[in-house]
Amino acid sequence: MNPAVTSREQILSVCRSIIAEEGVSALNMRAVAERCHVALGSLYNYFPSKDDLLTAAVESVWEDIFREAQPEPGVGFAAYILWLFQTLKGGAGPYGGFLTAHALSLSGGAKDRARGMMAKQLGRLRRELLEVLARDPLVRRGAFGESFRADEFVDFVLSSLLAQLMREDDSCAVLAEMIRRTIYDR
Numbered sequence: 001m002n003p004a005v006t007s008r009e010q011i012l013s014v015c016r017s018i019i020a021e022e023g024v025s026a027l028n029m030r031a032v033a034e035r036c037h038v039a040l041g042s043l044y045n046y047f048p049s050k051d052d053l054l055t056a057a058v059e060s061v062w063e064d065i066f067r068e069a070q071p072e073p074g075v076g077f078a079a080y081i082l083w084l085f086q087t088l089k090g091g092a093g094p095y096g097g098f099l100t101a102h103a104l105s106l107s108g109g110a111k112d113r114a115r116g117m118m119a120k121q122l123g124r125l126r127r128e129l130l131e132v133l134a135r136d137p138l139v140r141r142g143a144f145g146e147s148f149r150a151d152e153f154v155d156f157v158l159s160s161l162l163a164q165l166m167r168e169d170d171s172c173a174v175l176a177e178m179i180r181r182t183i184y185d186r
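No gaps in the numbering here: position 100 of the sequence shown is 100 in the working numbering, and each next residue is one more.
Note that these hints are calculated values from the structure, not bench results. Each statement offered as a hint is correct.
Cross-link-like lysine-lysine pairs, in silico, DSSO-like; alpha carbons within 30 Å at most: (1) Lys120 to Lys50; (2) Lys50 to Lys89; (3) Lys120 to Lys89.
In this text, all values refer to a predicted model and were calculated from it rather than measured experimentally.
Using the sequences plus the hints, can you model the full thing?
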């Protein structure tokens, strides 16, 4: 037993290490208990099931990716998309194929909870994108209206960005150029 490892955050730190070293598929209750030097039953005090552990670990990785990342103040929407792509690509770097693998890992019994956790993370990104878009002084006046709404534009941009990350593209320069041509004056 290791009485020093008793907090949820310490357990999640071990989970992030396992994900970084071996991938999401290597994460299980027994491996975490061994790494924490605690009895398997002790983990169940913090995470009632493997699905609970996986969901919390994946959410913890997402938080870790964004923990230190901040764009330059006043960055425009297109530049923010480039920054976000690099942040997600770079932040996920220590976690290997995390962006594609975690969706597969959470497709079992934790499907609904995983969807909820992902919806929370994507909702956070969506709100940030809407805020950056609203603050961008270079957006062409009248760029958005009833038939082309800002929130729908952000949804399209976010889904395109995520698709590029999951394909492990090296750049999202074409997406950024499409944004420039769509919402900025030439």
